[in-house]
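> Chains as they are written, first to last, in the working numbering: chain S, 56 to 448; chain Z, 56 to 448.
Careful: at least some of the hints might be erroneous.
One copy or any two copies: either way a pair holds, since identical chains are not told apart in the list.
[What the hints assert, rightly or not] Derived PhoX-like pairs: lysine-lysine, alpha-carbon spacing no greater than 25 Å straight-line:
hint, residue 1, residue 2
1, K95, K108
2, K108, K63
3, K194, K239
4, K293, K95
5, K303, K397
Rather than coming from a laboratory, the hints here were simulated on the basis of the structure.
There are 2 protein chains.
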Amino acid sequence: MAILNQIKIINALKSVLPKEMERISLHEPSFIGNEWNYVKECIDTGWVSSVGKFVDRIEKQLVDYTGVKHAIAVVNGTAALHVSLILVGVEKNDEVLVPSLTFIATANAVSYCGAIPHFVDSDESTLGLAPHKLGAYLKEIAEVRNGSCFNKKTGRRIKAVVPMHTFGHPVDMDPLVEICNQYKIEIVEDAAESLGSYYKGKHTGHLGKISALSFNGNKIVTTGGGGAILTNDDALGKLAKHLTTTAKVPHQWAYSHDQIGFNYRMPNINAALGCAQLESLPGYILNKRKLAENYRKAFANIEGIRFFTEPTFAKSNYWLNVLLLDKKFVGERESLLEATNKSGIMTRPVWTLMHELEIYKSCPKMDDLSSAKNIAECLINIPSSPGLFRSND
Amino acid sequence: MAILNQIKIINALKSVLPKEMERISLHEPSFIGNEWNYVKECIDTGWVSSVGKFVDRIEKQLVDYTGVKHAIAVVNGTAALHVSLILVGVEKNDEVLVPSLTFIATANAVSYCGAIPHFVDSDESTLGLAPHKLGAYLKEIAEVRNGSCFNKKTGRRIKAVVPMHTFGHPVDMDPLVEICNQYKIEIVEDAAESLGSYYKGKHTGHLGKISALSFNGNKIVTTGGGGAILTNDDALGKLAKHLTTTAKVPHQWAYSHDQIGFNYRMPNINAALGCAQLESLPGYILNKRKLAENYRKAFANIEGIRFFTEPTFAKSNYWLNVLLLDKKFVGERESLLEATNKSGIMTRPVWTLMHELEIYKSCPKMDDLSSAKNIAECLINIPSSPGLFRSND
Numbered sequence: 056m057a058i059l060n061q062i063k064i065i066n067a068l069k070s071v072l073p074k075e076m077e078r079i080s081l082h083e084p085s086f087i088g089n090e091w092n093y094v095k096e097c098i099d100t101g102w103v104s105s106v107g108k109f110v111d112r113i114e115k116q117l118v119d120y121t122g123v124k125h126a127i128a129v130v131n132g133t134a135a136l137h138v139s140l141i142l143v144g145v146e147k148n149d150e151v152l153v154p155s156l157t158f159i160a161t162a163n164a165v166s167y168c169g170a171i172p173h174f175v176d177s178d179e180s181t182l183g184l185a186p187h188k189l190g191a192y193l194k195e196i197a198e199v200r201n202g203s204c205f206n207k208k209t210g211r212r213i214k215a216v217v218p219m220h221t222f223g224h225p226v227d228m229d230p231l232v233e234i235c236n237q238y239k240i241e242i243v244e245d246a247a248e249s250l251g252s253y254y255k256g257k258h259t260g261h262l263g264k265i266s267a268l269s270f271n272g273n274k275i276v277t278t279g280g281g282g283a284i285l286t287n288d289d290a291l292g293k294l295a296k297h298l299t300t301t302a303k304v305p306h307q308w309a310y311s312h313d314q315i316g317f318n319y320r321m322p323n324i325n326a327a328l329g330c331a332q333l334e335s336l337p338g339y340i341l342n343k344r345k346l347a348e349n350y351r352k353a354f355a356n357i358e359g360i361r362f363f364t365e366p367t368f369a370k371s372n373y374w375l376n377v378l379l380l381d382k383k384f385v386g387e388r389e390s391l392l393e394a395t396n397k398s399g400i401m402t403r404p405v406w407t408l409m410h411e412l413e414i415y416k417s418c419p420k421m422d423d424l425s426s427a428k429n430i431a432e433c434l435i436n437i438p439s440s441p442g443l444f445r446s447n448d
Numbered sequence: 056m057a058i059l060n061q062i063k064i065i066n067a068l069k070s071v072l073p074k075e076m077e078r079i080s081l082h083e084p085s086f087i088g089n090e091w092n093y094v095k096e097c098i099d100t101g102w103v104s105s106v107g108k109f110v111d112r113i114e115k116q117l118v119d120y121t122g123v124k125h126a127i128a129v130v131n132g133t134a135a136l137h138v139s140l141i142l143v144g145v146e147k148n149d150e151v152l153v154p155s156l157t158f159i160a161t162a163n164a165v166s167y168c169g170a171i172p173h174f175v176d177s178d179e180s181t182l183g184l185a186p187h188k189l190g191a192y193l194k195e196i197a198e199v200r201n202g203s204c205f206n207k208k209t210g211r212r213i214k215a216v217v218p219m220h221t222f223g224h225p226v227d228m229d230p231l232v233e234i235c236n237q238y239k240i241e242i243v244e245d246a247a248e249s250l251g252s253y254y255k256g257k258h259t260g261h262l263g264k265i266s267a268l269s270f271n272g273n274k275i276v277t278t279g280g281g282g283a284i285l286t287n288d289d290a291l292g293k294l295a296k297h298l299t300t301t302a303k304v305p306h307q308w309a310y311s312h313d314q315i316g317f318n319y320r321m322p323n324i325n326a327a328l329g330c331a332q333l334e335s336l337p338g339y340i341l342n343k344r345k346l347a348e349n350y351r352k353a354f355a356n357i358e359g360i361r362f363f364t365e366p367t368f369a370k371s372n373y374w375l376n377v378l379l380l381d382k383k384f385v386g387e388r389e390s391l392l393e394a395t396n397k398s399g400i401m402t403r404p405v406w407t408l409m410h411e412l413e414i415y416k417s418c419p420k421m422d423d424l425s426s427a428k429n430i431a432e433c434l435i436n437i438p439s440s441p442g443l444f445r446s447n448d
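Isolated chain S (complex conformation) (with noise of 0.2 Å):
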């Protein structure tokens, strides 16, 4: 029987790694910046709260980087997914097409708008949702009545489908759209994870209708809590602004709301760190894209893992890196898991797959799942902080 060498694998980290750190984290943030001074700004002018020009001016800064025409501040990564999914019309018992291997946000988002996940297998070769499957299944089990598109099986309509973009690298989007194009299907783009990764030489969140960021503590770029939507429709921009702000009808003084709408604003404090960090995110993106090849390199001749690189059409942010097991070795993952976090280098296997979840598990899916579960399997996040990559070492 093969066993996994952990001592090399072990050794292999740590020659890409920072000698001098005792503990070293998954993803931390770097506040090498402004932040301090953004952050002080808003203590001394008292502007802390959801009005404020640094949540103006981090919309401003999304628009700039991503190349989105509009960008709506909110208060985190499930906010913006929630209301993204309201935008293209999911309603009350419509399904949504969602990959198994995902957060528990993206499904949940699904849930808050009482419609139902429909689980949809991934690709081993982008960890995300696998487009040209997908097309053979809706084949099987859709079909488009009066403009929607309607599952045979369970008479509900399929509203929309919300490719995620996983650890920062994109999902196949062109076959995607062509695909939803067909079959009547809104895509939401869950880049909670992809501030900074391009498909084809766009910012991902260009090929959906509408598009969810997310800045939460142990992304590329955070504000605490923080997210966005991002958008190229003018008049959904507009909507999501009214959406996320309470659907106050503007008045000087009068309170008056013609929608439910949410409380989903990002606080002007959370956007002032955001916009320094904004500010750091392509040193970062240089530095984190150095470290995974460093990884790669670190890990090319050990045999039983290899190192998960971006997908040819890709240009990834390598959020959290990624290592993957060979088939034969899976039974060793908690060992391994084990061996590296008690080291002090944190690693983590990815989610549980969320049609396995109890309270996911009666929700419409695929029959063939086998790409998530090789995956989910397989895979060992290792650390990736941006200031884990020292030129000098």
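Knowing the structure of chain S, use the given hints to seat chain Z on it.
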């Protein structure tokens, strides 16, 4: 015809307010304590996000201050209300009794549960829900079957009531508790505006099964955006933390979730701001109560308008100070709002009554909402920031 003396009113406001300010807001935060130190510590240590010592600390400070056993810091007051309603068992198609005179968040939180707000009248002596009137109304429309209350007209279960302590003045809770015990209705206190307000010697939030605070930028204490859930019930306290942190099952590295939870935790950087703010709260309340006393004196002899003072059973935080026009001057309110705002003193009417909003028009309601209407027609909020009281004025 009687004409309101606008000049006298503006002069009365000016006699209380600082002279040197060109424009006086309704409510601005004061950052006079450790705000800088604590927030800087977050940035310096990298702990800005969902885990961190200030989240634990603010929860402890809230427990110490209010005397309620458990406090769970969340992303805003709306989120606190939403989860509180879920935790007392509000389900899809239930009805929840809500004052028509409230901020939209109270009604929206009910809607987020898939439940239906049922609007009830307020009491002109508290500005909050009228318990005795509610009792008489329930006698007419409700019946208790198998331990639950049902609306005889709609057939729906009436699961909960949300007394909101308007502008910091407590609802008369004792009769409400009695009525709710009789009718098997759970009480969720909307204490968004009443941090620092006491009902018969106990801090608001003690008499409901669970209650919600807000730390929005306009509140007596701010975290930029934030809120908290308070409860004396151990099991609910534990569940509140679980549900607001995506219902993740604790594990060193594995990601599993046992409920459809929410991403509602408060980021550490916001909690840091709040910890400093809470340290200053006793001083804010002293100042706000003195400011209110000055207003009371200044308006004591002005015809046609009166300053609203705390109910006899309460010690209020006087979050937002209130003037009430005599009925005969209601037609002059818009003109008074214009004149005061034009003179640099921000004033505002109360919110549009919930049952008058298009989105909530078709919800069940009391036939007689006359007190809510009276208050809504006559009320004007005036500047109330803790920094406005000057001891040497």
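> Of the hints given before, which are not true for this structure?
2, 4
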